[in-house]
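S.K.: Sequence:
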Amino acid sequence: MLKAPGDTTERISRAQLRTERIKTLGHCDPVTVPSGTPLRSAIATMQSNDGEPILIADGQRLLGVLTERDVLLKILGREGILDEPVDHVMTRDPQTLTADSTVGEALELMESGRYRTVPLVDETGAPAGLLRQQDIVEYVAEAFPQEILNLPPRPHQVMEEQEGA
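For the numbering used here, add 9 to where a residue sits in the sequence shown, where the first one is 1.
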């Protein structure tokens, strides 16, 4: 856990951000359903977990992920699909990371794949968690509090003079 500025812990540098391991960030425990679960049940599980993606597993092996995007693009408006297995609409073989992957790798994967959430797996490929963009934003805000506090209200705004006394 990062401490507040001014204590004995040094704040993380930008270079360290690229090499910092995901395991030092907070991340969500995975919500999983077994392969073959009816979509109706899988969506109810997603709803009861604030819309977080759910991981579909076969025993201890990650098979896929069901996201809000999957629900909107593949399910919404289709008659009779809610009784079909989640396997029919899940994103199969999703890109994953491990707790030993770096924050830099996570950012690159999220950027290139346009993912808001990336499943984390352990060394055996079993679901181990979810890394959300929000987890990274919170980490950066803790790591660079002064820089975050001094950001202009509009990203491209240039201040004519420095604020403060």
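Take the hints with a grain of salt, since some may be wrong.
[Said to hold, decoys possible] Computed spacing ranges between beta-carbons, pair by pair: (1) S121 to R87: 25 to 31 Å; (2) Q166 to G68: 50 to 56 Å; (3) E88 to A24: 24 to 30 Å; (4) L81 to V146: 22 to 28 Å; (5) N159 to G68: 45 to 51 Å; (6) R123 to E170: 46 to 52 Å; (7) S121 to E93: 28 to 34 Å; (8) E169 to T133: 20 to 26 Å; (9) L81 to D131: 14 to 20 Å.
Derived from the structure by calculation, the hints contain no laboratory data. By construction, the Cβ of each residue, glycine as well, lies at the ideal position given by its N, Cα and C atoms.
S.K.: For each hint, tell me whether it holds in the structure or not.
M.R.: Quick rundown of the hints versus the structure:
1. S121 to R87: 25 to 31 Å: Between S121 and R87, where Cβ atoms are some 29 Å apart, the hint holds.
2. Q166 to G68: 50 to 56 Å: holds, 52 Å
3. E88 to A24: 24 to 30 Å: The hinted range 24 to 30 Å is violated for E88 and A24, with Cβ atoms some 54 Å apart.
4. L81 to V146: 22 to 28 Å: With Cβ atoms ~23 Å apart, the hint holds.
5. N159 to G68: 45 to 51 Å: holds, 49 Å
6. R123 to E170: 46 to 52 Å: The hinted range 46 to 52 Å is violated for R123 and E170, with Cβ atoms some 38 Å apart.
7. S121 to E93: 28 to 34 Å: Between S121 and E93, where Cβ atoms are some 30 Å apart, the hint holds.
8. E169 to T133: 20 to 26 Å: Violated, at about 57 Å.
9. L81 to D131: 14 to 20 Å: violated, 30 Å
Against the hints set out earlier in the document, violations occur for numbers 3, 6, 8 and 9.
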